[in-house]
Amino acid sequence: MPAELEPIVPPAVGGTVVPSAADAASDATERVGRGWTVRFGVAWLGFWMANLVPIQLLLPDQLARIDPAAKVRDFAVINGVSGAIALLALPICGALSDRSRSRFGRRRAWIAGGTVLFAAGLVLTGLQTHWGSLALAWSFSMLGLSAATAGLTAVVVDRVPGRQRGMISSAVYAPQALGVVLGIAVVAALGLTSLEGYVVIAAALLVLTVPFVRHYVEVPPAPGEVLRLRQVVGSLRIDVRAHPDFAWAFGGRLLVNLGNSLGTCYLLYFLTDALRVADPDGTLLALTVVYLVAALVTTYVAGVLSDRSGRRRIFVAVAGVLQALAGFLLAAFPGPGVAFVAAAMLGGGFGAYMSVDQALITQVLPDARSRAKDLGVMNIGTIVPPAVAPLLAGLLIDGAGHGYPALFATVGCTALLGAISTYKVRTVR
Numbered sequence: 001m002p003a004e005l006e007p008i009v010p011p012a013v014g015g016t017v018v019p020s021a022a023d024a025a026s027d028a029t030e031r032v033g034r035g036w037t038v039r040f041g042v043a044w045l046g047f048w049m050a051n052l053v054p055i056q057l058l059l060p061d062q063l064a065r066i067d068p069a070a071k072v073r074d075f076a077v078i079n080g081v082s083g084a085i086a087l088l089a090l091p092i093c094g095a096l097s098d099r100s101r102s103r104f105g106r107r108r109a110w111i112a113g114g115t116v117l118f119a120a121g122l123v124l125t126g127l128q129t130h131w132g133s134l135a136l137a138w139s140f141s142m143l144g145l146s147a148a149t150a151g152l153t154a155v156v157v158d159r160v161p162g163r164q165r166g167m168i169s170s171a172v173y174a175p176q177a178l179g180v181v182l183g184i185a186v187v188a189a190l191g192l193t194s195l196e197g198y199v200v201i202a203a204a205l206l207v208l209t210v211p212f213v214r215h216y217v218e219v220p221p222a223p224g225e226v227l228r229l230r231q232v233v234g235s236l237r238i239d240v241r242a243h244p245d246f247a248w249a250f251g252g253r254l255l256v257n258l259g260n261s262l263g264t265c266y267l268l269y270f271l272t273d274a275l276r277v278a279d280p281d282g283t284l285l286a287l288t289v290v291y292l293v294a295a296l297v298t299t300y301v302a303g304v305l306s307d308r309s310g311r312r313r314i315f316v317a318v319a320g321v322l323q324a325l326a327g328f329l330l331a332a333f334p335g336p337g338v339a340f341v342a343a344a345m346l347g348g349g350f351g352a353y354m355s356v357d358q359a360l361i362t363q364v365l366p367d368a369r370s371r372a373k374d375l376g377v378m379n380i381g382t383i384v385p386p387a388v389a390p391l392l393a394g395l396l397i398d399g400a401g402h403g404y405p406a407l408f409a410t411v412g413c414t415a416l417l418g419a420i421s422t423y424k425v426r427t428v429r
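Note that the sequence shown covers residues 1 to 429 in UniProt numbering.
Heads up, a few of these hints could be off.
16 Å max Cα-Cα, derived EDC-like pairs, lysine to aspartate or glutamate [to be verified]:
| no. | residue 1 | residue 2 |
| --- | --- | --- |
| 1 | 424 | 273 |
| 2 | 71 | 398 |
| 3 | 71 | 61 |
| 4 | 71 | 273 |
What the hints contain is simulated information worked out from the structure, not anything from laboratory work.
Note that the coordinates shown come from a computational prediction; the quantities given were computed from them, not determined experimentally.
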């Protein structure tokens with residue numbers, strides 16, 4: 001038995017050991033240890049930093065220099081194109097990961113290869129001087145992100161027992177805001193150019209992912225899973241009528257992530273153009289720190305409490321409502337002070353939602369033989385919203401002419417609908 005794993009002792013009922021429903025749905029029978037969890041969380045720190053710092057800071061700054069008059073439109077189009085790429089790539093990469101065979105391992109190969117591809121795409125993005133080529137380069141980056149996350153999300157179901165997944169999900173989402181804060185802080189503190197910022201976060205991505213890839217022990221795939229194009233294409237279809245809980249969980253994740261992304265994607269422009277703060281970059285960093293602290297606290301607390309209680313849905317519902325209230329508050333009373341309150345509510349609600357929702361999702365997967373593919377579909381609800389949110393937000397701000405109040409009201413409505421959708425899952429408490 002690996003040194004960092006310890007056996008699970010299921011609860012005894014009347015002297016008989018009874019496995020939980022969550023454990024029964026998983027092949028994993030041993031807890032992952034602290035070292036595994038830390039390395040997993042550190043890898044996710046790198047991915048969140050590499051994905052979100054460009055969206056929050058580097059891409060907007062780059063476009064403000066390339067095409068200042070059309071920066072909102074350009075940002076929306078670039079993220080719309082890259083979102084479409086991710087929409088296709090995520091489930092395909094997951095299906096390929098399920099059926100891959102290599103001496104390096106099926107999950108490790110996709111994590112390592114996707115990480116290198118993502119890092120190369122980041123540097124390529126930083127070199128662009130026209131918004132059209134910038135869109136192509138950022139879309140190339142999304143291919144790498146899709147490939148890597150296909151393996152990273154599948155390892156949770158491969159290696160983590162059901163009753164530990166709330167805590168492990170915290171290791172996925174707790175680093176999210178931290179990655180943004182660290183990335184923005186480094187770029188701002190060192191006064192980096194856009195290209196230098198991309199290079200730094202690409203290097204950080206590689207360094208932070210290496211420990212997990214190096215130490216991860218693969219779970220042998222089930223016999224008979226071979227890589228054939230017909231089977232890969234056929235596996236992409238999911239019968240939502242046969243698996244309604246999977247559909248409800250996907251809808252909830254998509255909507256909540258979209259609401260959160262709508263609330264954060266144009267923060268820099270909101271501070272600059274609507275609130276007209278004196279130091280928009282510094283205020284953005286301060287708001288992100290508030291978001292981070294709230295997200296870190298609620299991510300860990302909600303994940304642990306959910307594991308101990310065996311309940312998922314009530315945590316998800318409360319967290320979604322908290323995010324909705326943040327959007328409605330900022331829509332009704334826009335101002336610097338309210339922005340900080342809303343940032344705490346949005347971060348706290350999002351942290352709690354995602355840590356518990358990730359655990360819930362692993363319990364509604366349709367088929368153990370296609371874990372990475374099914375999780376790839378679910379990853380659409382995580383990766384695509386940050387990409388398409390600028391497009392929708394741009395339409396609300398410029399196209400509809402209603403400005404930022406309409407944007408933040410949409411944040412509230414979307415988060416609320418997402419919470420309702422996830423709560424409709426019936427096979428998980």
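Hints, one by one, checked against the model:
Our distance criterion of 16 Å between C-alpha atoms is broken by residue 424 and residue 273, whose separation comes to about 39 Å. Restraint check for residue 71 and residue 398: the C-alpha separation of about 11 Å stays at or below 16 Å, so the hint holds. Under the criterion of a C-alpha separation no larger than 16 Å, the hint pairing residue 71 with residue 61 is consistent with the structure, at around 9 Å. Pair hint residue 71 plus residue 273 holds up; C-alpha atoms about 12 Å apart against a cutoff of 16 Å.
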